[in-house]
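Colleague: Each chain, letter by letter, is given below.
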Amino acid sequence: MKALNKILKSIESLPAFPATGNKVAQLLSKPDYSVLQVANVIKYDPSITANILKMANSAYFKSLHKISSINDAVMYLGQKNLLRAIQTAGISKYYKKGAVGYFDNAGDLWEHSVSVALMSHILSKKITGEEDTTMYTAALLHDVGKIIMGEFIREEMKKISMLVTYQHMSFLEAEETVLGINHADLGGKIAEHWNFPVEIRDAIAFHHRPDLLQKSDKIMPWIVYMADEACLMMGIGNGVEGLAQRAVSELLQKFNLRMRDLELSLVMLSEDLNNARELINVI
Amino acid sequence: MGDLIVGISDIKISNNPNETIVTYALGSCIGIVVYDPVAKVGGMLHYMLPDSTLDAKKARDNPAMFADTGIPSLFKACYSLGAEKKRMIVKVAGGASILDDTNFFRIGQKNIMAMRKIFWKNNVMINAEDTGANHNRTVRLEMTSGKTYVKTSGGEMKEL
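Residue numbers (the numbering used here), protein chains in the order written: chain A, 1 to 283; chain B, 1001 to 1160.
Just so you know, these hints were derived from the structure itself, not from any lab. In this text the structure is predicted, and so the values were computed from the model without any measurement. Some hints here could point you the wrong way.
[Unchecked claim] Mimicking DSS-like on lysine-lysine, the simulated pairs with C-alpha atoms at most 27 Å apart in a straight line are: (1) LYS254(A) to LYS1110(B); (2) LYS97(A) to LYS1058(B); (3) LYS1058(B) to LYS62(A).
So that you can see chain B by itself, here it is in the shape it has in the complex (with noise of 0.2 Å):
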């Protein structure tokens, strides 16, 4: 069983079901999860900004950074793995914020309200979410089965 590694700003997509595909320790980033369950194929986004018109340039080099950039880079990758929109299950965590958000430390709130707009406007389903709250959060894809797992920090693992 090999874990492949989703960093920050990354996407990792997968059709064995030998692996399975994680993230660390998610903080104001969100990690995206997609799983299409008749093709067997699954990805991971963890994207950390909400919108690539802070700078295109790196959006271009690396669209896995923002959220509008990297949504759309994830599907895109799995229908090359042969995954179909309409199967696809959607699953989120993430977007975490330190103690009595100010505006400066808002990015986790900005960054849940971009994902679901983007959902919204493509008529694509979350079909499970854990956001928001102050701690980490582990996000795991097992391929052979499909389900997603979050363990917050000091926290148990639990299926998302």
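Same shape as in the complex, but just chain A (with noise of 0.2 Å):
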């Protein structure tokens, strides 16, 4: 299929992932980091500086004191916040000129995948009690996949929506039969071009039909699939993809949810998302 190679060619000429996370994330894993040598790996990269530092007064992140240095935030922050902040600057980056095809908005995608990730981490929080700072990370990654499918769904997007409305499909189907390849399994190719863990990869790949996956083990696809999903009931970035979504129905018994406590974690997302616009305005 000739869409299918180009699109898979399109991954190579992605820019490297900044690797100021991943360094950030290996320092702080270590007991005795000091400030000063995570400060020195984030300085080293400008405009993820200027991003953390705007991020690091939101509201969300609920620091006591006023954050006006890298230094500052290192120390004020926190472990995981400063890692959640320093993930959400890297990523931001790719997501600056938004997916033409899905979105008329450049900013819609970044703003669901904001959305998204903070959901997971209330989700995450709800269902093990821990917070998961790769979770976060694979939550804001897990439409990575549309920034290069948008072209090509805009040109296939009259016998993609035919499959959906005629055919009953849900979006992710309907654009591996026209394109072969679906906006999931791609972004998991994205994830293993830069070089992410396989935990974060099969997030990514799986975030609409965490059944497929053959570990039943790894709860990160399911509570990346539902807080997606809860983003998209909530209407926030659904773009052409609508709610043409696949209902997982094992997903309640697994976690041993009630309707109730998702109805709990959306009141707990829309304070989240009034907290966090400096996270959704970096782009």
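Once you've looked at the hints, go ahead and assemble the two chains, each given alone in its own frame, into the complex.
Modeller: Structure below.
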């Protein structure tokens, strides 16, 4: 298939992923890291530095001190928040142009990505009781395939909409039928190209069908899936996909959740979104 | 012509004929549009969830989050500009769901049921409704004409 080859080739032309996030994650994982060491890695990347400072003072991170330098950020944000701020700043680079074909507005894909990351964070705390920075990164990147798929989608939109409307396919299934690959699988391949660990790659590739991943003990794809569907239900960044999404029925029993839990999480998301405008506005 | 944008869990009202009230990309949420053609007062509510007993504190802080607190707030806000209940035209849109709806993702359906129950209890007739299915909807209320328009994702804009 010609389109498929072109799509796969486009991965090669993506710029390398900023190493800052990974380096900082390594440093912070050591119990005796120094503020100076961490700050030195970040300072090296001026665009990330500026964005971290913008975000660090948002109500979302609840810092009690005004943060005006990277040293302040390392001291006052705390490890996990610092890592999340760094990942958000680093990843935002790739979303600047949005995803033509999926969205009319360039900022929609980023707003959706941040919202899904915030919701994954809420759901993972509810389900596992823990914060998971890796999951936050996977959630931020779940739709990264769209930055390449967008222009191909635009050319084939008529065919795709016909399949969705008349054959009752999900948007993802229609993408795969028409183009030979869907945006989730493509995102998994991009993450591989960027050398992300396999759990992030899986969470991206299976974010619409976590039930198809043959590793049932992995919860990351399920939580990203749930967060994504919740944001789509709220109408945050649906674009042309609308709500043509498969519901995976095992979700409820798997985590012993009730409808009420999802509703309460949505209430928390709306509060986080009010506090996190700085994260959405970095691009 | 200014656009008054209604966010998620938000209410906007107007009596300015030069304004258009609009909410974008409703999913499972519901947009309620009211208009009094005599007072030329209109308003729109974009609520997220059916029932305020979920979180009473949130409902006090922001009644527009829930159907049962948001709908009365919308009507009261319009009364404050001179609208009267018996003249109000009511139109609703939204409450979509994802495909092969399971229990967990039934919020769209629950939102539709909640709104119908509240209107029925209060003897308010729904003049037009475009709910359910699996597409997003953008809703506009043109204050100059009192007309409501709905645009579905990928579709044309239609009068409701």
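Colleague: None of the hints should be skipped; say for each whether it holds.
Modeller: Evaluation of the provided hints:
1. For the given pair, LYS254(A) sits about 23 Å from LYS1110(B) by alpha-carbon distance, which is consistent with the 27 Å threshold.
2. For a cut-off of 27 Å, the pair hint linking LYS97(A) to LYS1058(B) is broken: about 36 Å separates their Cα positions.
3. Our distance criterion of 27 Å between C-alpha atoms is met by LYS1058(B) and LYS62(A), whose separation comes to about 20 Å.
The structure does not agree with numbered hint 2 stated previously, though it agrees with all others.
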